[in-house]
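For the protein sequence lines, the chains are L and X, in the order given.
If you number the first sequence the way numbering that gives the first Met the number 0 does, the last residue is 163 and the count never jumps.
If you number the second sequence the way numbering that gives the first Met the number 0 does, the last residue is 150 and the count never jumps.
Derived by calculation from the structure, the hints in this document are not laboratory data.
Everything numeric in this text was worked out from a predicted model, so none of it was measured.
For every residue, glycine included, the Cβ atom is placed at its ideal position computed from N, Cα and C.
Zero decoy hints are in this set.
Calculated pairs, DSSO-like style, for lysine-lysine (alpha carbon to alpha carbon, straight line, at most 27 Å):
no., chain 1, residue 1, chain 2, residue 2
1, L, K31, L, K74
2, X, K60, L, K53
3, L, K102, L, K143
4, L, K53, X, K45
5, X, K73, L, K59
6, X, K94, L, K59
7, L, K31, L, K143
8, X, K73, L, K74
9, L, K150, L, K102
10, L, K53, X, K94
11, L, K97, L, K141
12, X, K45, X, K94
13, X, K60, L, K59
14, X, K45, X, K73
15, X, K45, L, K59
Ranges of calculated distance between the beta carbons of each label pair, as one might list FRET restraints:
no., chain 1, residue 1, chain 2, residue 2, range
16, L, P123, X, S70, 27 to 37 Å
17, L, E136, X, P126, 18 to 28 Å
18, L, E110, X, D49, 39 to 49 Å
19, X, D4, L, S154, 23 to 33 Å
20, X, E106, L, K59, 11 to 21 Å
21, X, S137, L, P123, 19 to 29 Å
Chain X side only, calculated, beta carbon under 7 Å to chain L, not exhaustive:
no., residue
22, M54
23, G110
24, A120
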Amino acid sequence: MAGNGPIERILLYVDGSEECITAAQYSIALAKTTHAELIAIYVVNVSLLQELTKARIFVKIEEMDYEHDLEQDGKRYLHYISEMAGSKGVEIETELTKGVVNKEIVRLVEEMNADLLVMGELNPVLSRSDTYHDEAELIFRKSKCSVLIVKNPDSVEQIYSQLS
Amino acid sequence: MRISDFLNESLITVSLNHTDKTGIIEELLDLAVESGKIVNRSDALKAVLDREALMSTGLEKGIAIPHAKSSTAKEICMSLGVSKMGIDFDSADGKPSHLIFFLLAPEAAAGQNVQMLAQIARLTGDPSFCEALESAQSAAEAYEIIRKAES
Numbered sequence: 000m001a002g003n004g005p006i007e008r009i010l011l012y013v014d015g016s017e018e019c020i021t022a023a024q025y026s027i028a029l030a031k032t033t034h035a036e037l038i039a040i041y042v043v044n045v046s047l048l049q050e051l052t053k054a055r056i057f058v059k060i061e062e063m064d065y066e067h068d069l070e071q072d073g074k075r076y077l078h079y080i081s082e083m084a085g086s087k088g089v090e091i092e093t094e095l096t097k098g099v100v101n102k103e104i105v106r107l108v109e110e111m112n113a114d115l116l117v118m119g120e121l122n123p124v125l126s127r128s129d130t131y132h133d134e135a136e137l138i139f140r141k142s143k144c145s146v147l148i149v150k151n152p153d154s155v156e157q158i159y160s161q162l163s
Numbered sequence: 000m001r002i003s004d005f006l007n008e009s010l011i012t013v014s015l016n017h018t019d020k021t022g023i024i025e026e027l028l029d030l031a032v033e034s035g036k037i038v039n040r041s042d043a044l045k046a047v048l049d050r051e052a053l054m055s056t057g058l059e060k061g062i063a064i065p066h067a068k069s070s071t072a073k074e075i076c077m078s079l080g081v082s083k084m085g086i087d088f089d090s091a092d093g094k095p096s097h098l099i100f101f102l103l104a105p106e107a108a109a110g111q112n113v114q115m116l117a118q119i120a121r122l123t124g125d126p127s128f129c130e131a132l133e134s135a136q137s138a139a140e141a142y143e144i145i146r147k148a149e150s
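Sequences and hints are given; from them, build the entire structure.
Okay, here's the thing in structure tokens:
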């Protein structure tokens with residue numbers, strides 16, 4: 000049952016990092032308390048693989064092999080997060096898609112009418128180049144809905160573990 | 000993801016002993032083996048040479064990135080060889096390679112491996128970075144050049 004408060008649909012950005020697991024814990028807690036729908040999204044970064052092939056760093060067969068690996072990784076992460084949600088009695092949808100990561104997430108935020116995008120803590124921006132290349136940074140800036148960056152993993156772990 | 004997180008002075012050499020491609024690959028592999036991150040040297044070497052056989056990892060503008068995935072890598076292994084004279088790495092532009100980044104990743108670290116390769120491509124796309132790194136007089140200096148470029 001979708002929530003009828005200010006948050007009805009939460010999108011969780013999954014990239015396999017430890018930070019995204021913390022974000023998953025927090026989004027599960029949020030979904031449970033607000034009764035919002037929760038959807039976890041993983042994007043296979045095929046555009047980066049194609050760039051590596053174009054730069055001759057990858058050969059085509061390697062690009063396909065890594066695409067398969069990244070897809071398997073994504074399924075694993077989404078399955079793990081589903082189990083996390085299930086263990087707390089929270090329903091979750093998952094979606095695995097492919098493309099340019101930041102563009103896919105921004106697209107899905109709009110398509111799914113998400114009220115809130117939840118992400119793990121961003122990497123420190125060490126150079127101007129990071130702002131152009133870091134997918135999470137780009138998602139944060141381009142998202143059309145509010146974005147929640149989850150920090151303080153110890154505190155979030157406590158919140159999550161106390162969910163019944 | 001930063002290259003400098005996976006490199007240290009012991010994984011960099013500015014005085015390569017070999018002058019042939021396979022010799023260089025083995026030399027850089029040995030740096031990674033000494034770091035304790037590789038279980039079986041032969042398997043690791045086979046993985047990298049098998050990849051090399053598909054297409055040379057010698058790129059343009061003096062860069063080479065011999066790399067592979069292998070279950071024999073416990074974690075992402077990286078080493079760097081700097082050759083002022085240049086090595087014939089059968090490169091895409093026919094020119095000698097001066098910066099050889101060796102990368103071996105575990106099978107289960109596809110995402111990290113891709114990010115590392117992209118980061119190498121990004122850094123070496125800057126001619127001033129490459130020039131500075133080629134001029135490094137020591138492993139410590141080379142590491143510092145990389146660290147500063149990523150900060």
